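Trainee: Protein sequence lines correspond, in order, to chains A and B. Okay, so the first sequence: first residue is 1 according to full-length UniProt numbering, each after it adds one. Okay, so the second sequence: first residue is 1 according to full-length UniProt numbering, each after it adds one.
Simulated from the structure, these hints should not be mistaken for lab results. Because the structure is a prediction, the values reported are computed rather than measured. One or more of the hints may lead you astray.
[As the list claims (entries may be wrong)] If the Cβ cut is set under 8 Å, some of the chain A residues that face chain B in the computed set are:
1) G199
2) Y201
3) T247
4) R301
[As the list claims (entries may be wrong)] Simulated pairs of lysine-lysine, BS3-like, Cα-Cα distance not exceeding 27 Å:
5) A:K102 - A:K282
6) A:K295 - A:K282
7) A:K271 - A:K225
8) A:K295 - B:K60
9) B:K60 - B:K169
10) B:K169 - A:K290
11) A:K282 - A:K339
12) B:K7 - A:K295
13) B:K7 - A:K232
14) B:K32 - A:K295
15) B:K60 - A:K290
16) B:K32 - B:K7
[Said to hold, decoys possible] Derived Cβ-Cβ restraints for the label pairs, each shown as a range:
17) B:K32 - A:P315: 28 to 38 Å
18) B:K102 - A:R335: 33 to 43 Å
19) B:R110 - A:S340: 14 to 24 Å
20) A:T231 - B:Q111: 22 to 32 Å
21) A:G84 - B:N99: 54 to 64 Å
22) A:E221 - B:Q111: 24 to 34 Å
23) B:H130 - A:M316: 48 to 58 Å
24) A:E221 - B:D96: 38 to 48 Å
25) B:Q111 - A:V193: 37 to 47 Å
26) B:K32 - A:D287: 23 to 33 Å
27) A:T53 - B:A157: 43 to 53 Å
28) B:K32 - A:T231: 23 to 33 Å
29) B:Q111 - A:M316: 33 to 43 Å
30) A:G191 - B:E56: 56 to 66 Å
Backbone N, C-alpha and C fix where the C-beta goes; we use that ideal spot for every residue, glycine too.
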Amino acid sequence: MERRRIDDYEPGPVPSPRAVDKFGFVKQEQTGSPEGAIKSRMTLKEWSKSVSTLLINLYNFLFAVDINIFREERRVRKWRKMIGVGGSDWKHYVRRRPQVVKRRVRKGIPDCLRGLVWQLISGSRDLLLMNPGVYERHGPGQRSLYNVLKAYSVYDRDVGYVQGMGFLAGLLLLYMSEEDAFWLMVALLKGAVHAPMEGLYQVGLPLVQQYLFQFDHLVREHLPKLGEHFTKEMINPSMYASQWFITVFSYSFPFHLALRIWDVFLFEGVKIVFKVGLALLKYCHDDLVKLPFEKLIHALRNFPEHAMDPDTLLPMAYSIKVSRRLEELKHEYERKNEKSVQSVESNGKELQ
Amino acid sequence: MARPGNKIIQAKLVLLGDMGTGKTSLVLRFIKGQFYDHQEPTIGAAFFTQILSLTEATVKFDIWDTAGQERYHSLAPMYYRGAAAAVVVYDISSTDTFNRAKKWVQELHRQGNQNLVMALVGNKSDLNSHREVEAEEAEQFAQESGMFYMETSAKTAQNINELFYEIAKRLARISPPRSSGITLNHETPDKRRRFCCIG
Chain A
1 MERRRIDDYE PGPVPSPRAV DKFGFVKQEQ TGSPEGAIKS RMTLKEWSKS VSTLLINLYN
61 FLFAVDINIF REERRVRKWR KMIGVGGSDW KHYVRRRPQV VKRRVRKGIP DCLRGLVWQL
121 ISGSRDLLLM NPGVYERHGP GQRSLYNVLK AYSVYDRDVG YVQGMGFLAG LLLLYMSEED
181 AFWLMVALLK GAVHAPMEGL YQVGLPLVQQ YLFQFDHLVR EHLPKLGEHF TKEMINPSMY
241 ASQWFITVFS YSFPFHLALR IWDVFLFEGV KIVFKVGLAL LKYCHDDLVK LPFEKLIHAL
301 RNFPEHAMDP DTLLPMAYSI KVSRRLEELK HEYERKNEKS VQSVESNGKE LQ
Chain B
1 MARPGNKIIQ AKLVLLGDMG TGKTSLVLRF IKGQFYDHQE PTIGAAFFTQ ILSLTEATVK
61 FDIWDTAGQE RYHSLAPMYY RGAAAAVVVY DISSTDTFNR AKKWVQELHR QGNQNLVMAL
121 VGNKSDLNSH REVEAEEAEQ FAQESGMFYM ETSAKTAQNI NELFYEIAKR LARISPPRSS
181 GITLNHETPD KRRRFCCIG
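Given only the sequences and the hints, what does the whole structure look like? Please build it.
Mentor: Set out below in structure tokens:
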């Protein structure tokens, strides 16, 4: 009976598929899709058949959505219980069941709780509570982003404002107020919970140099064939990975992926950046090893859409173990640096 | 694209200059013919390629567009090392950016690459009413520094293609067989050395 109704139905214009995702961003339209060209040449029978398939798919989809909504609600309830009112139970829960927290963060923090949880796991909530009124002193009050960055550059004159920070602050401001975002920046850069990140932005970008050194070694150890190919093509990580570290993937990566990375980054620290970087290379490994210099650089700066699906990429990233080696490579880098600091005579060769 | 017997030159080109002078906009105008009023800042560096065909040669540019903020200075050597051409950009409406350009030129000279094709570019020529740097002053500095000088506007596209054609022509004129950053088609691909070994 459904079929008959469809047969009687006059094929009208197909509504524009320009949908928005759950964050309100307009979804990218598929390029080169042949559907549009074929549609006009379909017979009525073919058309009605495809519509009924569509309806069945829609039904299945709605059913799946229903289950997903149910799961999502259950997940949010668990999280609320874990956090407590205004974050009151959080510390207690983390101390008692750290593995549970870790597992749940890795599955993604529910979007409605993300802002609060980020502040809890970065330690910025405590900073805010311990420093009442410090933030208001600085904000001259115009646009939020300007305010947060200005406030930070005044708070920490040694670091000041560095291009790249804006991407961090921008991401945070989507989930919290200016004051909260400011303190989260402070927590990250000054190291409230994890190692301080300010070295990413200090003169000489010392931490960027260290991370690139570590990443270069990890690539060679985890993906030796690709590492060799990079050597042959004269590719080093500064050509593609410096933004990954400087902005923690918030520059030129899909927003939904960046958020998932930030969930884990705030809880586990910078090692997730290494893991995701390695996972990206691993996922695209077989393509990358075939490419010559120009195409390789391009590929390393424009990963395909399917490589950046969080549900594929993140489990892969979690399975790559880097903690111990990162520590060792850090010491190696420091030893190497001590030596070169003694020998360099400010003749523009400080990067050797 | 390349005529038979026509030589192919592969050249690494680097853009240097203060932040907000329009380095990325210059490249995007050259490569895509586009201009954005609000171009976001470059973090680290960006990479582009473009091919220009001249009567005497076909030039394949590997373009490194660097971040302009002083803080990113320590990453720059990675990008200009082994370059065949360097474009130093300033904003004609800002003396500060011109002074910064001079510093970049000095730094490039210290690298001691005799064959480096260098261009001094005064961008934003559409802002003539706000001009702070006179063309004569820049022209003179360029001459003393062994560079050629051009005023451009990524916004109006003025002199953008001319700039890259001039660089291509100069590269074709010198194109020695074994200069770093330049590859001729008779060399084996493995001999391409765009960066000297790091670490």
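Trainee: For every hint, state whether the structure bears it out.
Mentor: Now the hints, each set against the structure:
The beta carbon of G199 of chain A is not positioned within 8 Å of any beta carbon in chain B (closest approach about 12 Å), and the interface hint is therefore violated. Interface restraint check: Y201 of chain A against chain B, minimum CB-CB distance 7 Å, threshold 8 Å, status holds. For T247 of chain A, the interface hint holds, the least distance from its beta-carbon to any beta-carbon of chain B being 6 Å, beneath 8 Å. Contact between R301 of chain A and chain B, as hinted, is supported at the beta carbon level, the nearest pair being about 7 Å apart and thus within 8 Å.
For the hint linking K102 of chain A to K282 of chain A, the alpha-carbon distance of about 24 Å falls within 27 Å, and the restraint holds. Straight-line distance between C-alpha atoms of K295 of chain A and K282 of chain A comes to about 17 Å, which keeps the hinted pair within the 27 Å bound. Under the criterion of a C-alpha separation no larger than 27 Å, the hint pairing K271 of chain A with K225 of chain A is consistent with the structure, at around 23 Å. Between K295 of chain A and K60 of chain B the alpha-carbon distance is near 13 Å, which keeps this suggested pair within the 27 Å criterion.
Taking the CA atoms of K60 of chain B and K169 of chain B, the gap is about 12 Å. The hint holds against a cut of 27 Å. Note on K169 of chain B and K290 of chain A: the hinted pairing is violated, with a Cα-Cα distance of about 33 Å set against a maximum of 27 Å. Restraint check for K282 of chain A and K339 of chain A: the C-alpha separation of about 33 Å exceeds 27 Å, so the hint is violated. A threshold of 27 Å between alpha carbons decides the hint, and for K7 of chain B with K295 of chain A the separation of about 22 Å falls inside it, so the pair holds.
The hinted pair formed by K7 of chain B and K232 of chain A meets the criterion: a straight-line CA distance of about 24 Å does not exceed 27 Å. Taking the CA atoms of K32 of chain B and K295 of chain A, the gap is near 18 Å; set against the 27 Å cutoff, the hint holds. Restraint check for K60 of chain B and K290 of chain A: satisfied, since their Cα atoms lie roughly 21 Å apart, inside the 27 Å limit. A hinted pair counts as satisfied when its Cα atoms are at most 27 Å apart, and K32 of chain B with K7 of chain B qualifies at roughly 25 Å.
In this structure the hint that K32 of chain B and P315 of chain A lie 28 to 38 Å apart at CB holds, the actual value being about 37 Å. Separation of K102 of chain B from R335 of chain A is about 38 Å and conforms to the stated range, judged on CB atoms against 33 to 43 Å. For the pair R110 of chain B and S340 of chain A, the supplied restraint of 14 to 24 Å holds, since their beta-carbon distance comes to about 19 Å. Between T231 of chain A and Q111 of chain B the beta carbon distance is about 23 Å. The supplied range of 22 to 32 Å therefore holds.
At roughly 56 Å, the beta carbons of G84 of chain A and N99 of chain B sit within the given window of 54 to 64 Å. At about 33 Å, the beta-carbon gap between E221 of chain A and Q111 of chain B stays in the expected band of 24 to 34 Å. At about 52 Å, the beta-carbon gap between H130 of chain B and M316 of chain A stays in the expected band of 48 to 58 Å. Evaluation of the 38 to 48 Å hint for E221 of chain A and D96 of chain B yields a pass: the beta carbon distance comes to about 45 Å.
A hinted range of 37 to 47 Å for the beta carbons of Q111 of chain B and V193 of chain A is consistent with their spacing of about 43 Å. The supplied range of 23 to 33 Å is met by K32 of chain B and D287 of chain A, whose beta-carbon atoms lie about 25 Å from each other. Take T53 of chain A and A157 of chain B: their Cβ atoms lie about 50 Å apart, and the range 43 to 53 Å holds. A hinted range of 23 to 33 Å for the beta carbons of K32 of chain B and T231 of chain A is consistent with their spacing of about 32 Å.
Distance hint check for Q111 of chain B and M316 of chain A: the Cβ-Cβ separation is about 41 Å, which falls inside the suggested range of 33 to 43 Å. Taken as a hint, the range 56 to 66 Å holds for the pair G191 of chain A and E56 of chain B, whose Cβ atoms sit roughly 58 Å apart.
The structure is inconsistent with the numbered hints 1, 10 and 11, although it conforms to all the rest.
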